[in-house]
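Engineer: Sequence:
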Amino acid sequence: MRLSTRIGLAVGCTVPLLVAASGWLLLNLVGRDLHRVEDDHLRQRAAAVAPDARALLRATENGRPRAADTRERQLFTAALDVGVRVVGPDATYSGGPQPGTSVRLPDRVTGPVTVRAAGRSWRVLSRPVQGPAVSGTLWVFSPDTADRAQLRAVRRRVVLTAVLAAPLSGLLAWGLASGASAPLARLTRRTAGLDPRTSAARLDHRPTGVTEVDELAATVRTVLARYDEQAARTAEALDTARSFSAAAAHELRTPLMSMGTNLDILAAHPALPEPDRTEVLTDLRHEHARLLGLLVMLRELGRGDLVEAEAFRTVDVSEAADAAVAEARRRAPDAGITLAAPPGLTVHGWEPGLRLVLDNLLGNALAHGRDPRGRARVEVGVRGAGDQVVITVDDHGAGVPAGSRARIFERFQRGPDSAGSGLGLTLVAQQAALHRGSVTVTDAPGGTGARFEVRLPSGGGALPGRRDWLIGTAGANRSQSFAKDRP
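Quick note: the sequence shown uses this note's numbering, first residue 1, plus one each step.
Just so you know, these hints were derived from the structure itself, not from any lab. Be aware that one or more of the hints could be misleading.
[Stated by the list, open to error] Distance ranges between label pairs, derived from CB positions: (1) Ala149 / Gln44: 18 to 24 Å; (2) Asp443 / Leu266: 44 to 50 Å; (3) Ala149 / Ala78: 39 to 45 Å; (4) Ser94 / Arg116: 15 to 21 Å; (5) Ser94 / Arg36: 24 to 30 Å; (6) Asp283 / Asp443: 34 to 40 Å.
Virtual Cβ for every residue (Gly too), placed ideally from N, Cα, C.
Sequences are here, hints too, so could you generate the full structure?
Structural biologist: Structure representation (structure tokens):
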């Protein structure tokens, strides 16, 4: 059922009920007003005929029939349009419209009351008649036929109005609702053909001035935008999964083949000399560690590509750096690692991602930043720079040649003597870009070694539009739309 029809039926049913309720209230008010007017008239007539009633009873008590007849005529003449009944100790005088003498009147009446008899009703008022040697009661009667006729007329008009109001109000409401719902009908027609699964067309809505319709159109556009966003994220997740499988298959093939060769040697030569056997087992352990590290790095790279904005919160970078340094000292007790990080430096970020940045930079410095004598000295610094938080990691190794500084952040870029996965610095670049920051590598302040510097905006911001660090082609230049170098 259309909205305009529903509104028309609702109004068509509600208006007669309101008319009937108003009519019932009107009837009660009119009835009270008519009774009030009639009661005032009875009081005026009672006050006007009370002296004549007293004179009539006095003449009767004194035994003067002729004077009593005269007073009786004067009494009925003064009564005008009301009925009068005078009840004395020995006689009763009545005239004008009134109920029969068989109708029992109230014993005590302090004000006008209604008396019904033979299908008729009367308004009755009594007044005591007192005087020297006089005692009796004056009754004044007024038929309420006129009042009842007026009430019936009002009742008929109310019923007629209610009967006519039902269709007229329903049609009027239907017409007004049809006009008011026209923008909604147009919006329905525009959205009827939208199918986000098969078409890229979206709702083109212009403000109509009807708040509800404009809000509904905005809601529809928001829903479609969220559908598009989720569809894109789902596609990215599928691409990430495919890329993960391809990258894992490609990168795991060489270490697996090497492990298979070593296993074949052990199986084919059970009596292999101990030095050779030890060398083969060492190779197996290295390849196993490399496989495990590669899988972990690929997993973390995929997590970074798929993380949502809801995972971001306020992160204390100083605390994260302190935890990362403590873990690095535990892994490499022979290394000298220092930390300079004033407390209270925070960013709006993803805490696991920031820990990845610190852990991988420290791991890279410990692996490649040793001096010629094999000693590792690493300085970690965290400082504020305007609206940014800057993380620096300095080592005292051979440094990074200027021509290689752009390539070391690409996937699977490893040095000839590196036992890593080639993804550690890629993860650093990914997380820097995810936080709308940058990462650069330069010479260390002393001229020996490398300095890795990560700049993160302290206030954070929206996530990047593209996140394809795992999906990108292995070994090729990155196609990210955000820079990894300092702006």
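Engineer: Take the hints in turn and mark each one as holding or not.
Structural biologist: Structure-based check of all given hints:
no.	hint	in the structure
1	Ala149 / Gln44: 18 to 24 Å	holds, 22 Å
2	Asp443 / Leu266: 44 to 50 Å	holds, 46 Å
3	Ala149 / Ala78: 39 to 45 Å	violated, 27 Å
4	Ser94 / Arg116: 15 to 21 Å	holds, 18 Å
5	Ser94 / Arg36: 24 to 30 Å	holds, 26 Å
6	Asp283 / Asp443: 34 to 40 Å	holds, 35 Å
Consistency note: the structure conflicts with earlier hint 3 alone.
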